[in-house]
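Residue numbers (mature numbering (1 follows the signal peptide of the UniProt record, and there is no 0)): -25 to -1, 1 to 589.
I should point out that these hints are in silico values taken from the structure, not numbers from a laboratory. Just to be clear, a hint being listed does not mean it is correct.
Only pairs whose alpha carbons sit at most 30 Å apart, straight line, appear in this in silico DSS-like list of lysine-lysine [to be verified]: (1) 530 - 344; (2) 410 - 230; (3) 465 - 518; (4) 530 - 457; (5) 410 - 380; (6) 518 - 484; (7) 380 - 447; (8) 380 - 344; (9) 525 - 465; (10) 201 - 290; (11) 465 - 407; (12) 290 - 484; (13) 230 - 141; (14) 570 - 484; (15) 484 - 399; (16) 447 - 457; (17) 399 - 230; (18) 344 - 525; (19) 399 - 457; (20) 447 - 399; (21) 518 - 529; (22) 407 - 380; (23) 447 - 425; (24) 529 - 290; (25) 399 - 410; (26) 69 - 230; (27) 425 - 99; (28) 201 - 83; (29) 290 - 320.
Derived DEER-like restraints, expressed as beta-carbon distance ranges [what the hints assert, rightly or not]: (30) 449 - 136: 37 to 47 Å; (31) 212 - 77: 33 to 43 Å; (32) 559 - 137: 29 to 39 Å; (33) 212 - 141: 46 to 56 Å; (34) 214 - 425: 26 to 36 Å; (35) 588 - 401: 51 to 61 Å; (36) 334 - 207: 28 to 38 Å; (37) 431 - 401: 53 to 63 Å; (38) 586 - 143: 26 to 36 Å; (39) 482 - 108: 39 to 49 Å; (40) 212 - 424: 25 to 35 Å.
Keep in mind it's a predicted model, so treat the numbers as computed, not measured. Don't be surprised by glycine CBs; every beta carbon is placed ideally from N, CA and C.
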Amino acid sequence: MQSKLAYFALLTLPTLQALAAPTSADTVPSDELPTPETPLFPFEENILPESIAESHPEVAFANTTSPDLQKRFFLSVCKTIPSDLTWPAPFLWKTLDALLSREGKLIKTVPIGAVCYNGQYYNKARCDVVQNTWSDSDLHDEDPTSVMSPFFTGNTCLPTADPNGKCTLGGYPYYAVNATAVRDVQAAVNFARNLNIRLVVKNTGHDFSGKSSGAHSLSIWTHNFKDITYIPYHPDTKGPAFKVGAGVQVFEINKAAQQRGLMVVGGEGMTVGYAGGYIQGGGHSPLSSILGMGADHVLEFNIVTPNGRFVTANKRENEDLFWALRGGGGSTFGVVTSVTVRAHKTVPVTTLSFVFSTPNDDHFWSIIKAYFSTFNAFADAGCYSYFASFAPGQFLMNPGIFCPKQTPATMEKLIAPMYAEMAKYNVTADGKVLKQHNDYYAAWQHTFPKEPVGGVTGQPASRLFPRQNFAKGSYLLDATTKAVREVVTKYGFLIGFNQAPTLAAGGVKWDETSVNPAWRSANAHIITTAQWPLNATTAEVEKIRNDLTKVEMKKWRNISPGSGAYLGESDINEINFQQSFWGAHYPRLYSIKQKYDPTGVFYAATAVGSEDWV
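Turn these sequences into a full structure, and let the hints guide you.
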């Protein structure tokens, strides 16, 4: 997304401002706050005044459903980049900064690793910190533009002991807005839309497909929307709920719920942002087999839409947008500032972890097949497991198996077929820890530590495998084990999750959310990653990536026809991503995208409507 028509490049700034100016169709009042079911957070009451928007065309509001907007961009073929004559002059960026809730909120991007390179940002002490904590997610989520998967920034400015290397912006945003008020979000959205600049959104930057970054873009950093409000009684569910700011992370909402004797359906990763790509992409959870997906429990969103307006979406207001946000993906329909979710009374949980190894590959995969054969029973019991293998013959039931409302005796009974197969080959479960916890929070803290991030030489791919693939004694069980074995043997990387977020578990109907329908019949979400040497050429990397997508993952697709993959942990080159990520929901999602964002203010790879930019 780089080129512009030559004629458009020659337009003067006043002409551009006239194109961006409000029209008669753009008169929806901004000074009127939405009326959600739950009170607004203080930062949500600070909105962009209509008077300021009217007097500054660069942040003027727009009615994106109006034909007038089409006239403003009829000469545009792509997004504006710094080499274009129409890239905003410095004074326009200064104007944007002055219109934010506080001056200084507009940050010119300096890659987090720039402190390791000769130049104005070189700082040996800070470089040592960045190098030593590169795999710690806190380093990246506390930075306005750094992301957990630096491959999507072009692996630029990686921390190094050699300060003589080259450090460029690469795929980092050009500027970021440190949003601490809805006003900041509105101004950034309007500015990007009116001046045709790519817009991205970041809280923590966990997205596997790099949606939180983008070259030549303006980024909105929502990390400081940290408010959490407890709601003792919500009329929609006649029970407790929490309103959660867009910057809140899983560990923060889990702690808040635990203090009330409650729990919410959230991810296992403690530093993942809760209200962004996680819940908007569906959100699987250690509670999924008993409570479904995170999106199943959303009661309301507050959101800045592509026209810059701040609105509420729930079952009574902006119902189509509410549906789309419950599974349709982040960075697509607007910038969510808060989400209200149902809370549940906490429950006791039994957990199990161990490791095993064997030098015999056939024995190893026979044991894995026996474990696969337990998936349906574990899911029926409400359990969730997270397992891995990163070397031949080595298996990590770690973080482990997580069984809400089950006893240690039940856990041992469920795992017995795997133990029996291990005993058959004289393989032992080492480091075994079987533990019963009084509540969800204690079990979650015990089982799921902070995970390392920052890998620079790999691309993940995944598949949702249906329940029938794990039926004991079936051909499909044999075929699934064989296909997983072939791919994992090639790449030496396996991460898997056994869970069943059915409609019944989530308490929703098929068309009540936009969550990928493949989740509702899946009993496993399995991930592999293709890796390459750091010094690999571009051609070598592309061959590895193409083989992963088109050759190896085809083996998984062939044994799970009609299923799909999880948007949040997937291959950025997923074939037919529309079907894989959303199935039969995609046509409606695309229609809603066109209604609210017909000019593509929000773009992200594999997001709804992204095919329009190819």
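Discussion item. So if I understand the rule, the pair passes when the alpha-carbon distance is 30 Å or less; does residue 447 with residue 399 pass?
Written reply: Measuring from Cα to Cα gives roughly 18 Å; hence the hint holds.
Worksheet item: Going straight from one Cα to the other, do residue 447 and residue 425 come out at no more than 30 Å?
Response: violated (34 Å)
Worksheet item: Does residue 410 lie within 30 Å of residue 399 when you go C-alpha to C-alpha?
Response: At roughly 26 Å apart (the allowed maximum being 30 Å), residue 410 and residue 399 satisfy the hint.
Worksheet item: Is the hinted pair residue 425 and residue 99 satisfied, with a Cα-Cα distance of at most 30 Å?
Response: holds (27 Å)
Practice prompt. Decide if the proposed pair is consistent with the structure: residue 201 and residue 290, CA atoms, cutoff 30 Å inclusive.
Written response: Roughly 25 Å between the alpha carbons, so the hint for residue 201 and residue 290 holds.
Worksheet item: So does residue 586 sit 26 to 36 Å from residue 143, Cβ to Cβ?
Response: holds (29 Å)
Fill in: Cβ distance range 53 to 63 Å for residue 431 and residue 401, holds or violated
violated (40 Å)
Discussion item. Checking one constraint from the list: CA of residue 465 to CA of residue 407, max 30 Å. Satisfied?
Written reply: holds (29 Å)
Item to complete: Quickly compare the C-alpha distance for residue 410 and residue 230 to 30 Å and report which way the hint goes.
Response: The hint holds at about 21 Å.
Discussion item. Hinted pair, alpha-carbon criterion (30 Å max): residue 290, residue 484. Please report holds or violated.
Written reply: holds (14 Å)
Worksheet entry | Outcome for the supplied range 29 to 39 Å, where the beta carbon pair is residue 559 and residue 137 | Between residue 559 and residue 137, where Cβ atoms are some 52 Å apart, the hint is violated.
Item to complete: With a cut-off of 30 Å on the C-alpha distance, tell me whether residue 570 and residue 484 pass.
Response: At roughly 24 Å apart (the allowed maximum being 30 Å), residue 484 and residue 570 satisfy the hint.
In this structure, the hints that do not hold are numbers 6, 13, 15, 17, 23, 24, 26, 30, 32, 36 and 37, in rising order.
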